[in-house]
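**Student:** Given these sequences and hints, build the entire structure.
Protein chains in written order, with the working numbering: chain A, 13 to 320; chain B, 985 to 1442; chain C, 972 to 1273.
Hints listed in this document are in silico derivations from the structure and should not be mistaken for laboratory results. Bear in mind that the values here come from a model prediction, so they are computed numbers and not experimental data. Glycine included, each C-beta is placed from N, C-alpha and C at the ideal position. Mixed in with the good hints there might be a few duds.
Stated by the list, open to error - Below, in silico cross-link-like pairs of lysine-lysine (DSBU-like), each with a Cα-Cα straight-line distance of 35 Å or less:
(1) C:K1217 <-> B:K1249
(2) B:K1422 <-> A:K272
(3) C:K1217 <-> B:K1286
What the hints assert, rightly or not - Simulated restraints, written as ranges between beta carbons of each label pair:
(4) B:S1104 <-> C:P1215: 26 to 34 Å
(5) C:L1015 <-> A:M222: 26 to 34 Å
(6) B:A1110 <-> C:T1048: 50 to 58 Å
(7) A:L306 <-> C:S1095: 23 to 31 Å
(8) C:V1251 <-> B:A1047: 49 to 57 Å
(9) A:A77 <-> B:S1242: 40 to 48 Å
(10) A:V302 <-> B:P1291: 51 to 59 Å
(11) A:A85 <-> B:G1129: 53 to 61 Å
(12) C:V1251 <-> B:L1285: 35 to 43 Å
(13) C:S1095 <-> A:T130: 25 to 33 Å
(14) C:D1050 <-> B:D1435: 54 to 62 Å
(15) A:K313 <-> B:E1243: 49 to 57 Å
(16) A:A225 <-> B:T1430: 58 to 66 Å
(17) A:A77 <-> C:P1215: 23 to 31 Å
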Amino acid sequence: MKSAAAPAGHAGAPARGSGGHPAGSSLLRGLPLLPSLVLLAVFLAGPIVYCVYDAFTDAQLTGAAQTHFVGLANFTRAFGDPDFLNALWLTMVFVVGSAVVGQNTLGLALAVLTEKATRPVRSLTNGVVIAAWVLPEIVAGYLMYAFFYQQGALNDVLGALGLPRQNWLYTLPILAVCLANVWRGTAFSMMVYSAALGEVPRELVEAAEMDGAGVWHRLWHVTLPVIRRSIMTNLMLITLQTLSVFGLIYAMTRGGPGNKSQTLPVFMYQQAFQNSLIGYGTAIALVLLVVGALFSVVYLKLLKVEED
Amino acid sequence: MRKKLLAAFAITVAATLSAAGCGGSASGSGGNSIKVVYWQHLDQNDNKQQKFLASMKTSFEKAHPGKKIEVVPVTASENDYYTKIQLMMRSPSTAPDLVYEDTALINSDIASGYLKPIDSYVKSWADWGSFAKAAKGAVSSPTDGKTYGVPDDTDTRGIWYNQNLLKKAGIATPWQPKTWQDILDTARTIKKKLPGVTPMNFYTGQAGGEQSTMQGFEMLLYGTDAADNSLYDAKNKKWIVGSQGFKDALTFVHTVYSENLGLSKPTALGPNAGAEVGTKLLPDNKLAIDIDGSWMANNWLKTGPRPWPDWAKTMASAAMPTQAGQAPGRVSMSGGWAWSIPAKAKNPDLAWQFTKAIKNKDNSTKWNIIESTTAVRTDVAADPKYLDATPTNKFFTGLVAYTHFRPALPKYPQVSNAITKAMESVTTGQSSVDQAAKTYDQDLATAVGSDSTAKGAR
Amino acid sequence: MATTDLRPAATAGTGGRGLRSASAAGSGRRRVRPARIAVNVVLLAVCLAFVLPLAWMVLASISSTASFELTLPSPPTLDNFHAILNTDTTFRPLLNGLLLCGGATLLCVVVSILAAYPLSRYRSRLRRPFLYTVLFTTGLPITAVMIPVYSMFVQVDLIDSMGATVLFLTASALPIAIWLMKNFMDGVPIVLEEAARIDGANAMQSLARVVLPLMWPGVIVVTVFTFISMWGNFFVPFVLLLSPEKLPASVSVFTFLSAHDQTQYGQLAAFSIVYTLPVVMLYLLLTRKLGGGFALGGALKG
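**Tutor:** Dropping the structure here:
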């Protein structure tokens, strides 16, 4: 794309040529960014830089008057700490299980199905799924606790169906928190995909239909490639959101039993605020940041083909 | 470096915000007023302290015209309460003048320099002589020996049992076990004779936090041979690893849960075990023996969460025995809270005046009765008004003679966490007693540094 | 795969909503009946699964003996609501929450629209690095930065200030808001602006007159999204505000739970309902303006 304005209809490519403008005006054009930049620099960048510094110290909230620079000690401690490695692993399970597989697939499925459903069913589905999404996190946490509780609703249903009752929060805590996150977060993916599917040209689907392509074939070879960018963006956003989920898990299991549902944000909270190890806690938070960045880089690599 | 970084951000923020026109409200402690911060429990019905402090404020302000007391509750979980007061005490502008401190954590805050030594104040306070020695020990620093708070209340721990259930199972009452074995044997009898009744409650697991460590594990550990030195050797300043006593205590936990003598594992390991025991199982006559704190009756008072008029007829108490009945035969653990003056308090003198007022004999008695906690003043402990206020006060106050305090060191919370982890792994059966003890030794070394540990007796 | 070729020129930017419903209706009419019935049945089953957890909240709130068990209240009672509907427990915290979260959401939306415009319309070598740096920070749990933030607020005497807390909440929600907003704005074709430009409008005028009206669905999504995340945030107000009378509803949820005594499940459920209502109302209000639909992401394409 050269300096000319984007061709008509090329909505995906935001571009305005810089040719013809004097260099000084680019500063002026960036002016609307200023309020954001100031807010981000002061309230987020500042504390984050400070956190990065803290991660290399033995800072404590209580228990010591002095803080020392300890180099990489917090990080070497983390990677030698079986509890940290456990938390890292569970974080991966949680993100892949509840976001990449759970929310993403269910969201897509619901979007595809609601397109084909009758109007009242479509509205009902949308309403119910979104209701779970608008609940405050802590409320969702208690509802999910009650749902998976030994004498809770889920087991009532299983019992009524003649299926074995499970003590979900005890025997399968990570599955329970994954399902909880699917319940709470699927609406986001569903909305993204509903909008995306609306832009799949009907002629294309119908042409494939004429050729005798089955439902799955159409979905896989026609629809999904068209909405690929939406898939990638959705994955990136839900991954980052799921990575920092804390309240939901904390309300449901406190990371337990033992450390069987202790993801990195929960582990970080316990180290930083229960054990007052601010230095160690922030080091863990930084690892979490890196994990998020790694996921994003993977998605971006997959996206790259289409980025102008 | 930290200071400079912070200052740089601070200046930017100040510039931004003064431009935006929003300033913070200045805190109100001047020369004639103080700010008193305490922990408001996460239970709306429990506003005893709120009412008590409000009445103290009123009478103090009346007796000292021109002085103002601002009482600020922090409503949060215990953990978040500490986070908040520690943050507040870090800077002069937010530091309260008087703060409510758990004696188990007070040493952490002393080590951080958050608190002010009050030796010069207590020296000239006649009442100071009436405070129990053990309680004074809990508020003084092991490093500089100075006093950092006035003890507010304490508690002891022992065994609660349901007389009717024990009788039904054919066990003679009053019941006083002599050894750990006695407890297990009685529980086994109950299990056999009374199906549907949980024989005993022994707190365990990480979700229970300090409840598991203190009402549970330490009641065993401090009854082993090493007694006061079983967890921490104060003389040599070493944490104990690899001791037989530690393993024996874990074996007890393992026995309780592998033989299903305790609560169902999910309940025991869940975050609500305490409420389940106090407000459901015991008053429902579904639990026979409970190793728990002196405050349990609070659950059953008219004002409590589960009123139970018959509790005094049904429940009786016994002391926790030492492992094999070795001298002194009984064991108990104590904690408690204290009033401390932060180092950065603006008006420590007035804060001290107020402390003296709320901790004089009359008000101490009133408070111990309201909250049914154990008295820290010996004169209150001998007062019939206090002793008769709750039927069990006398018994649990008597346990003060056998009680132990936790090593109130900055690292203690991490050690406690490691203990609950070991308990949890033997409760679930995830690891054997030996494995769990080994993991604990490693966790301890990570938490306190391996040069601060010493091998215990085998 | 060059997906852009497949996108018909006419649909771009005008929002996928209208088109989607049209196509759905169109294709629906020609669907074979049994398949459609099957789809409906599957969706109803999903609905049931999603509704079930909500059932506890409703039943417990009108029960006098609530626990975490799912039981029918006998008889139903409004006592729980009576117990919580007072100034200290509910009204003041809700009002504080509305001030804090409402103010921060408004600010966040305005500021992110402004930021999105240059990011969407002008090319710069800094744009991508900036966007992705901003995006990565959303993966950081906000609890991690609260201690430096507290120290900072204390130094400049902003602790316990609602205004400053609003600014911090705004900043913490900005990364994702800017990111979403920029993507929505990308969906508005630049040609439409050209006309306004020819008429002599400057950048801000064409943003206000041409771009904003077209990306209204996106703005609403960002608004709801921002508000929800703030409304549930407990730790930020808890740390930054000291006076109990300034604390929002997210902090007072915790007053129904207690570590040592009985949790008041019925009141917790009742409060949860009251606490959730503002978000639901905001959502309904904003989407009603769009004609009942929702359109996250016509432009969420990368």
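**Student:** Determine for every hint whether it applies to the structure shown.
**Tutor:** For each hint, the structure was consulted:
1. Restraint check for C:K1217 and B:K1249: not satisfied, since their Cα atoms lie roughly 41 Å apart, outside the 35 Å limit.
2. This hinted pair checks out: B:K1422 and A:K272 have alpha carbons roughly 20 Å apart, not beyond 35 Å.
3. About 33 Å separates the Cα atoms of C:K1217 and B:K1286, which keeps this hinted pair within 35 Å; it holds.
4. Checked against the given bound of 26 to 34 Å, the beta carbons of B:S1104 and C:P1215, roughly 33 Å apart, stay inside it.
5. A hinted range of 26 to 34 Å for the beta carbons of C:L1015 and A:M222 is consistent with their spacing of about 31 Å.
6. The given range of 50 to 58 Å is respected by B:A1110 and C:T1048, whose C-beta atoms sit roughly 55 Å from each other.
7. Taken as a hint, the range 23 to 31 Å holds for the pair A:L306 and C:S1095, whose Cβ atoms sit roughly 26 Å apart.
8. Checked against the hint of 49 to 57 Å, the pair C:V1251 and B:A1047 passes, with Cβ atoms roughly 52 Å apart.
9. Range check, A:A77 to B:S1242: Cβ separation about 45 Å, and the 40 to 48 Å hint holds.
10. Roughly 54 Å separates the CB atoms of A:V302 and B:P1291, a value that falls within the hinted 51 to 59 Å.
11. Judged by the Cβ atoms, the range 53 to 61 Å given for A:A85 and B:G1129 is violated: they are separated by roughly 32 Å.
12. Look at C:V1251 against B:L1285: about 40 Å separates their beta carbons, and that is inside 35 to 43 Å.
13. The hinted range of 25 to 33 Å is not satisfied by C:S1095 and A:T130, whose Cβ atoms lie roughly 48 Å apart.
14. Between C:D1050 and B:D1435 the Cβ separation comes to about 59 Å, which falls inside the hinted range of 54 to 62 Å.
15. Distance hint check for A:K313 and B:E1243: the Cβ-Cβ separation is about 56 Å, which falls inside the suggested range of 49 to 57 Å.
16. In this structure the supplied range 58 to 66 Å holds for A:A225 paired with B:T1430, their Cβ-Cβ distance being about 59 Å.
17. In this structure the hint that A:A77 and C:P1215 lie 23 to 31 Å apart at CB holds, the actual value being about 30 Å.
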